[in-house]
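Whole structure, please, built from the sequences with the hints as guidance.
So the chains spell out like this:
Protein chains: 2
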Amino acid sequence: MMRSEFDFIQHIKKKYGLNHIGDDGAVLPKDAETDIVITSDMLVQDIDFRIDWTTPKTLGQKALAVSLSDVGAMGAIPKWAMLSIAVPDEIWKSTFLDEFYDGWHLEAGKFSVELVGGDVSKTPTGLVIDSTVWGEVPKGEAVFRSGAKPGHGIYVTGELGGAAAGLRLLEEGFRFSESNGARYNSLLLRQLQPFPHARTGAQIRSEFSPSAMIDLSDGLSSDLAHICRASGVGAVIDATKIPIHRKLKRIFRQHDEQLEMALNGGEDFELLFTVDEEKTSGKKLSQFFRIGEVATNVGTIELIDGGNTRVLEPEGYRHF
Amino acid sequence: MMRSEFDFIQHIKKKYGLNHIGDDGAVLPKDAETDIVITSDMLVQDIDFRIDWTTPKTLGQKALAVSLSDVGAMGAIPKWAMLSIAVPDEIWKSTFLDEFYDGWHLEAGKFSVELVGGDVSKTPTGLVIDSTVWGEVPKGEAVFRSGAKPGHGIYVTGELGGAAAGLRLLEEGFRFSESNGARYNSLLLRQLQPFPHARTGAQIRSEFSPSAMIDLSDGLSSDLAHICRASGVGAVIDATKIPIHRKLKRIFRQHDEQLEMALNGGEDFELLFTVDEEKTSGKKLSQFFRIGEVATNVGTIELIDGGNTRVLEPEGYRHF
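Chains A and B, in that order, are what the protein sequence lines are.
Taking my numbering, the leading residue of the first sequence gets 890, the next gets one more, and so forth.
Taking my numbering, the leading residue of the second sequence gets 890, the next gets one more, and so forth.
Just so you know, not all the hints are guaranteed correct.
Repeated chains share a single entry, so a pair holds when one copy, or any two copies, can fit it.
Stated by the list, open to error - Okay, derived cross-link-like pairs now, DSS-like style, lysine-lysine, Cα gap no bigger than 25 Å in a straight line: (1) LYS968 <-> LYS1028; (2) LYS982 <-> LYS902; (3) LYS1138 <-> LYS1168; (4) LYS1011 <-> LYS902; (5) LYS1038 <-> LYS999; (6) LYS982 <-> LYS904; (7) LYS903 <-> LYS968; (8) LYS1173 <-> LYS903; (9) LYS1011 <-> LYS946; (10) LYS968 <-> LYS919; (11) LYS1028 <-> LYS919; (12) LYS999 <-> LYS904; (13) LYS968 <-> LYS904; (14) LYS1028 <-> LYS1038; (15) LYS946 <-> LYS904; (16) LYS1038 <-> LYS946; (17) LYS1028 <-> LYS1168; (18) LYS946 <-> LYS903.
Hints in this document: simulated from the structure, not taken from any laboratory.
As structure tokens, then:
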């Protein structure tokens, strides 16, 4: 069997003794009060996006959003960013990059992030974008994937499956258009123009001191597996508690299909976190969705769906 | 005429009011004593390198070296790095990445740089690498391109044109091989496996307080033009003082050709700096090559070659 991207990163991490690798971002010392959190995401044409499915502006927004989300998932506030982009000649000659940078800056403006560097290069082939964002977090308070303990509640910040439903619509030939119903457009935008919880992450960190946090980029089943693996725990999830995107439910009517999208669809960019509920205010936590509990069965995620229980395999987005 | 990469970056910088863009790296505050210098470089297959001209290990070394060089050119000491790489399927399935990361770490080890993050992605087309390095410099002491003043001496740290000669040999079909003479191999390595002056830059900063510094990645004529433009000055260069790579001179015998490579060939990764010689020790400066002086003729570089003087146009590597 081919090694996965995850396996390769674990191999590199072990081989060279890299201690800062393997979470949503790296945590590095800044000064006596503050740590830096830094993260990079590469977006490749025809792997991570399709030019004809989006607009340059929307792609610019998403290129930044995916990294803002990672910084938020560490509980940090994003501050600075770098953007490297390799573009084919025909894109260079068009207004694509102008619109792309407009979209990027629109997103940056929402979070007061400043572009401080990067690179612009030509490529003989497809567009490649590398987005780097770093932010700040109070010293020692960055939230890793590795702190979940049996008994902790498992929460998500919002509805799931919308981005997967949007992807399905795109694959079926739908495109964002004024003439679509709002239902279709909101699912398409959920995929094309995700909202990163860059501030929510810091808020969750300061209010609830979560034991683990990750952003839902690969999909609930995969990202929860990342937390379980890093924390040396298992989990029990209640399918009836998983918040399924309301517009998804109106278009895709089968329960199994809805659940599949919510469990395994990536790119919702909601936050998934675990918290010791005995040490926090249940009332405030109730603004989020409690979907289950951390358990002792190391590495196993059980899904309770009505009367049935099954083991949930990580089937979210595998990069390759 | 097509806008250049340089024009585009100037446009973006102005449009969005980006104050940290446009030097070898961005300078950001760390703590009361220290600034951070951060830089990114994208390397694209068949634009910046050819797979069949190098080895995975050597490419890994160069991918890091180009960014170490930028950090050094700001007078900073590199500390951390991120590496994002998009790889085609056939490379993923081979030992390429293992050898590439070995080379990267070989280079990192020389400068005590730790890999703290990045991304690994698949691409349907060619290899793309984005290398980010950041380092530290005493607060307020980062060296920009913008401080050169008329009368300051212009220095380079080493021989020029070797990388251009290596590129020419590669284009002519030569490859690194034990059976080559040392002369050929050293020029090929000058192109394929550059040595970044990451420590020398900090040493020059602390010993000479240079008024401007840049690494010679695009070529002397272009990189000196960057300093002149940023500083609002001109320059006069003495062709007879330009140190031409000694192995280059043994293979390419024509003076004009040698000078052309030294002036316009990129990727030597020597440092180019200007210094107020009245405030520094001439004796220590003599370890470097003094090639000319900063002048008042804004934006014009004059080249004196024997009895002739001509205006030197920036003809180094234009990204596009």
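Same-copy or cross-copy closeness of LYS1028 to LYS919 [CA-CA at most 25 Å]: So LYS1028 and LYS919 pass the 25 Å test inside a copy (8 Å) and across (14 Å) alike.
Give the relationship of LYS968 and LYS1028 under a CA distance limit of 25 Å: within one copy only, between copies only, both, or neither. Close inside one copy (16 Å) and across copies (19 Å); limit 25 Å.
Using 25 Å as the alpha carbon limit, work out where LYS1011 and LYS902 are close: within a copy, between copies, both or neither. between (31 Å within a copy, 19 Å between copies)
Could you place LYS999 and LYS904 in one of the four classes (within, between, both, neither) given a Cα distance threshold of 25 Å? Classified as between; 17 Å across copies, 40 Å inside a copy.
Same-copy or cross-copy closeness of LYS1011 to LYS946 [CA-CA at most 25 Å]: Both ways: LYS1011 and LYS946 sit 20 Å apart in one copy and 24 Å across, limit 25 Å.
Reference check for the pair LYS1028 and LYS1038, CA-CA at most 25 Å: within, between, both, or neither? within (22 Å within a copy, 42 Å between copies)
Homomeric proximity label, LYS1038 with LYS999: Cα distance no greater than 25 Å: Intra 35 Å, inter 40 Å, cutoff 25 Å: neither.
Is it within a copy, between copies, both, or neither that the alpha carbon of LYS968 lies no farther than 25 Å from that of LYS904? Classified as between; 19 Å across copies, 32 Å inside a copy.
Within a copy, between copies, both or neither: where do LYS1138 and LYS1168 come within 25 Å Cα-Cα? Answer is neither: 35 Å inside a copy and 74 Å across each miss the 25 Å cutoff.
Can you give me the call for LYS1173 and LYS903, within, between, both or neither, at a CA distance of at most 25 Å? Result: close neither inside a copy nor across copies, 40 Å intra and 44 Å inter.
Within, between, both or neither, where LYS946 and LYS904 count as close if Cα-Cα is 25 Å or less: Answer is between; shortest inter-copy Cα gap is 16 Å, intra-copy 40 Å.
Given identical chains, is LYS982 near LYS902, meaning Cα to Cα at most 25 Å, within a copy, between copies, both, or neither? Between copies only: 19 Å across, 40 Å inside.
In the structure shown, a violation is registered for the earlier hints numbered 3, 5, 8, 16, in ascending order.
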